[in-house]
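Peer 1: Produce the entire structure from the sequences given, and follow the hints as far as they go.
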Amino acid sequence: MPIPPKAGPGPGRIAVWDVPVRIVHWAIVGLIAFSWYSAENHMMDWHRYSGFAILGLLIFRILWGFIGSSTARFSAFVRGPAEIRRYAGTLRKRAPGAGVGHNPVGALSVLALLLVIMVQVGTGLFAVDVDGIESGPLSERVSFDQGRLLAEVHEISFTVLQVLVVLHVFAILFYLLYKRDNLVGPMIVGGRKTGDVARGMTRAPRRNFVIAATVAAVTGWFISQGLHF
Amino acid sequence: MLRVILIAGAGVALLASVGASVQAAAPETIIQARKAKYREIGKAFKSINDEVKKSAPDRGLIGSSASLIAGNLRQVGSLFPAGSGPSSGVRTKALPTIWTKWPEFARLNAAATGEAGKLVLASRGADVAAIAAQARSLGKACQACHQQFRDED
Chain C
5 MPIPPKAGPG PGRIAVWDVP VRIVHWAIVG LIAFSWYSAE NHMMDWHRYS GFAILGLLIF
65 RILWGFIGSS TARFSAFVRG PAEIRRYAGT LRKRAPGAGV GHNPVGALSV LALLLVIMVQ
125 VGTGLFAVDV DGIESGPLSE RVSFDQGRLL AEVHEISFTV LQVLVVLHVF AILFYLLYKR
185 DNLVGPMIVG GRKTGDVARG MTRAPRRNFV IAATVAAVTG WFISQGLHF
Chain L
1165 MLRVILIAGA GVALLASVGA SVQAAAPETI IQARKAKYRE IGKAFKSIND EVKKSAPDRG
1225 LIGSSASLIA GNLRQVGSLF PAGSGPSSGV RTKALPTIWT KWPEFARLNA AATGEAGKLV
1285 LASRGADVAA IAAQARSLGK ACQACHQQFR DED
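For the protein sequence lines, the chains are C and L, in the order given. Counting in this note's numbering, the first sequence runs from 5 upward without gaps. Counting in this note's numbering, the second sequence runs from 1165 upward without gaps.
Be aware that one or more of the hints could be misleading.
[To be verified] Partner residues are not named here, just some residues of chain C that face chain L (Cβ under 7 Å, in silico): (1) D135; (2) G136; (3) I137; (4) L142; (5) E144; (6) V146; (7) F148.
The set of hints was computed from the structure by calculation and includes no laboratory data. Predicted, not measured: the structure shown is a model, and the values here were computed from it. Heads up, the beta-carbon is just placed ideally off N, CA and C, and yes, glycines get one too.
Peer 2: If you want it as structure tokens, here you go:
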């Protein structure tokens, strides 16, 4: 039984993104900016805290991709090559998209961003600085040389992440200016005008949120503490 | 008499060989050897920090690592001969200010050496919190010098 959409819709409006998806999105935006700032300014304690927070959000978002609201689920937006090609063919049409949630090409961007942020957090957990002074919470499980190598991967993958973020912003500008489709609004308020879509997002039950948030918080905490039981 | 001549001769030969080796050491060799010494410090410091994170740290390992660091830091004066900076054309993060502000560089080096020595002493006691605090002090002493005299990426 579909649960009627609540987030954001009024008369003539439909829900697109639920509250957890929006919070995770903007929190990660802020935390990645802060991680960059703190690393540049040698605030390594803050850099670690920021990374732990991103780790928790990442675990939550992946779980939410299986038990979250309809538009958060991987099964709803990850599409095969044929579907991606078909959608890419319609990109030049100057009209807002018909679907609700990620389109098949946008899904690639979501997956790429999630993957690179995973690499970023994963390497950071084991990374060691050149002086052997600052390190991630799991670094005692690797040698100095391995930790240095992972720190280098951490740096390279951040450059890749920066490129992906720029691409992401350009895609949003393209939709806004060329296709007259404001993608930022729904990511803030959760809903958008109906357009030609009748049905909005199907919201996940609260219980699923409690499960995903608890698992993410507990797992993230144990990893940040160096997985000592 | 013969003995004196022999000893003097050996002395001269030794001096000559030292002179030759100094002359022969290309900046690349010097810089590589320097990097190797600092790598040892980084490795040793990682093992100290790995131990400090544990609930029951291996104090013997902390002590031996700290004395390795102190030993390498004592050699720093000779690891930075004039001409072994970036002007040599070899890739190095050693800033030219090391040689223009040598007394300050030497002071920071001595301070870090002192902190490493204190860590050796702290590792002989059972106070794990004091060991951890001293490891942090050593880290700060290292970074104080790096901030001023090491090029960032």
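Peer 1: State for each hint whether it applies.
Peer 2: Status of each hint after checking the structure:
{"no.": "1", "hint": "D135", "result": "5 Å, holds"}
{"no.": "2", "hint": "G136", "result": "3 Å, holds"}
{"no.": "3", "hint": "I137", "result": "4 Å, holds"}
{"no.": "4", "hint": "L142", "result": "10 Å, violated"}
{"no.": "5", "hint": "E144", "result": "4 Å, holds"}
{"no.": "6", "hint": "V146", "result": "9 Å, violated"}
{"no.": "7", "hint": "F148", "result": "4 Å, holds"}
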